[in-house]
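Protein chains: 2
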Amino acid sequence: MTHTILSSPTKEVVIGFDRPFVMIGERINPTGRKLLAEEMKNGDFSRVEADAIAQVEAGAQMLDVNAGIPLADEPALLARAIQLVQGITDVPLSIDSSIIDALERGLSVYKGKALVNSVTGEDESLDRVLPLVKKYGAAVVAISNDETGISMDPNVRFAVAKKIVERAADHGIHYSDVVVDPLVMPIGALGQAGQQAFTLIRRLREELKVNTTCGASNVSFGLPNRNQVTGTFLSMAMASGMTSAIMSPLHPEVKAAIMAADVLTGNDQDCAAWIKANRDPNAPTGGRGDREGRRRRSAQ
Amino acid sequence: MTHTILSSPTKEVVIGFDRPFVMIGERINPTGRKLLAEEMKNGDFSRVEADAIAQVEAGAQMLDVNAGIPLADEPALLARAIQLVQGITDVPLSIDSSIIDALERGLSVYKGKALVNSVTGEDESLDRVLPLVKKYGAAVVAISNDETGISMDPNVRFAVAKKIVERAADHGIHYSDVVVDPLVMPIGALGQAGQQAFTLIRRLREELKVNTTCGASNVSFGLPNRNQVTGTFLSMAMASGMTSAIMSPLHPEVKAAIMAADVLTGNDQDCAAWIKANRDPNAPTGGRGDREGRRRRSAQ
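So the sequence lines, in the order shown, correspond to chains W and X.
So for the first sequence, the numbering used here puts the first residue at 1; every next one is plus one.
So for the second sequence, the numbering used here puts the first residue at 1; every next one is plus one.
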């Protein structure tokens with residue numbers, strides 16, 4: 001059974017086929033968030049801290065931290081954000097940057113075992129990111145694209161993932177420390193995006209025996225009622241073997257779908273988390289569905 | 001591509017891997033509905049008619065009709081219910097009884113190609129039901145239990161399903177006219193029930209190439225917020241290849257999960273049904289989620 005173990009100084013999180021799904025909160029990311037970008041650039045991290053707390057309260061077991069702001073000192077900002085977030089929460093972090101120096105600065109200040117987000121199948125990325133992952137004893141998200149871009153052929157994406165896992169092994173990184181992102185396309189643009197993802201996730205689990213993750217909200221891009229599509233996608237991906245996602249834990253529909261899917265994969269032992277979340281109307285998650293259920297039941 | 005084609009005098013429904021999921025409305029069934037049982041026994045079919053119309057309006061593409069009432073003349077009641085329902089709706093029907101004479105009476109009055117619900121792997125059932133299915137040119141639901149009961153081993157359930165498909169072929173019934181029910185256990189009682197079902201559904205599709213169905217609500221028996229669990233189960237089963245279910249179409253959470261899963265399997269062409277249901281707040285289905293989505297969006 002493949003276990004990817006991440007940690008903060010006080011908490012360990014295990015991503016695994018036999019574990020509840022791991023939600024990695026995506027909110028601390030200035031991409032497309034103009035106000036947050038402006039604030040971070042000016043040294044104001046209050047929104048970063050608020051986002052960290054809100055996501056952990058909503059049930060995120062890990063947080064992704066990104067400081068990708070054009071024309072800013074990304075390594076310094078990322079290191080600062082990581083230190084602040086580690087100061088106020090106890091969840092392990094995913095250190096998210098496409099800049100190698102930023103990844104290294106982030107890793108150098110991180111306390112515990114981090115998830116590096118990410119390495120691709122491009123030679124330059126492999127040659128520069130994997131030694132860092134090894135040096136700091138981290139785990140890494142492997143994105144299945146390479147110099148040729150993102151292939152529309154899932155067999156090519158599988159081959160790229162396989163190459164990354166093999167290169168990681170060359171660097172002394174065990175496959176259990178490689179979490180593969182199969183790259184999920186928007187279903188509104190590509191009708192086969194879902195089936196491609198499900199097939200690829202199953203192959204990654206059965207053939208490479210790796211854990212998987214994805215940026216979940218991408219699948220519903222452009223559609224109405226996006227959260228229902230994203231939540232349903234995640235439960236279907238979990239049926240296919242997906243074990244984590246980088247996502248917002250703040251949408252009740254998405255959270256409820258994941259918690260119900262944990263029940264159905266058998267990874268919510270004795271349905272305990274489900275029963276707790278749905279019996280307590282003040283619970284931050286699942287409660288919404290429950291209150292509606294109660295209204296309906298009492299109306300019958 | 002396996003297509004199970006059912007029909008009424010004016011409408012054809014296709015169950016298939018490349019088609020939207022087929023919801024077979026379960027409500028016309030006096031089991032556990034004391035009032036309905038009493039009324040039907042006394043010749044009052046007004047609730048049957050109301051249930052038929054409500055389920056079709058909610059999106060059921062087919063209806064299951066059951067008249068199993070202790071100490072009543074089930075063959076006569078079933079035939080009468082079928083005639084009434086065919087008089088007011090145009091969807092194909094599933095004729096549901098464990099009494100062979102009732103199945104035959106139902107088939108004798110049915111107009112179109114019906115789904116016979118059901119045959120089991122027991123020799124007596126095979127020997128008596130399959131000739132009826134052939135005689136009336138119907139399709140049949142195959143339930144994967146036999147004389148030894150319902151096996152807890154999904155490999156045994158697969159073997160029973162295979163036996164039924166082979167026996168059907170001996171009677172001249174093509175495998176595309178056999179829709180297998182893998183028998184889904186309550187997840188609250190058996191933590192492996194979900195994974196067993198998903199694995200079995202995938203094998204039935206890949207190895208026997210048959211369509212599948214199940215009594216969907218059973219999976220959430222005993223749990224709080226049942227509709228969320230049932231809807232999530234159905235989407236996960238669809239990711240594994242399930243193509244229909246006998247279920248209530250009246251719960252918005254369940255309906256929304258199925259419609260989103262149709263988008264994600266690529267079987268809702270151009271997401272047309274999803275977009276329609278979620279853009280029109282007066283739509284009978286999907287509208288709930290949409291209105292909530294709009295409230296959230298406008299609150300941002």
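These are computed hints drawn from the structure, not numbers from a lab.
A portion of the hints provided could be inaccurate.
[As the list claims (entries may be wrong)] Going by beta-carbon spacing under 8 angstroms, a handful of chain X positions derived as facing chain W:
hint: 1; residue: Pro20
hint: 2; residue: Gln192
hint: 3; residue: Phe198
hint: 4; residue: Thr199
hint: 5; residue: Met236
hint: 6; residue: Thr265
hint: 7; residue: Arg279
Idealized CB from N, CA, C, for every residue including glycine.
We went through each hint and held it up to the structure:
For proline 20 of chain X, the shortest C-beta to C-beta distance to chain W is roughly 13 angstroms, which exceeds 8 angstroms, and the interface hint is violated. Proximity of glutamine 192 of chain X to chain W holds as hinted, the smallest CB-CB distance being about 5 angstroms (cut-off 8 angstroms). A distance limit of 8 angstroms between C-beta atoms decides the matter here; for phenylalanine 198 of chain X the minimum to chain W is near 5 angstroms, and the interface restraint holds. For threonine 199 of chain X, the shortest C-beta to C-beta distance to chain W is roughly 10 angstroms, which exceeds 8 angstroms, and the interface hint is violated.
A hinted interface residue such as methionine 236 of chain X counts as satisfied when its beta carbon comes closer than 8 angstroms to some beta carbon of chain W; here the least separation is about 4 angstroms, so the hint holds. At a threshold of 8 angstroms, the smallest CB-CB gap from threonine 265 of chain X to chain W is about 6 angstroms, leaving the interface hint in force. A cut of 8 angstroms between beta carbons decides the hint on arginine 279 of chain X: the least distance to chain W is about 6 angstroms, and the hint holds.
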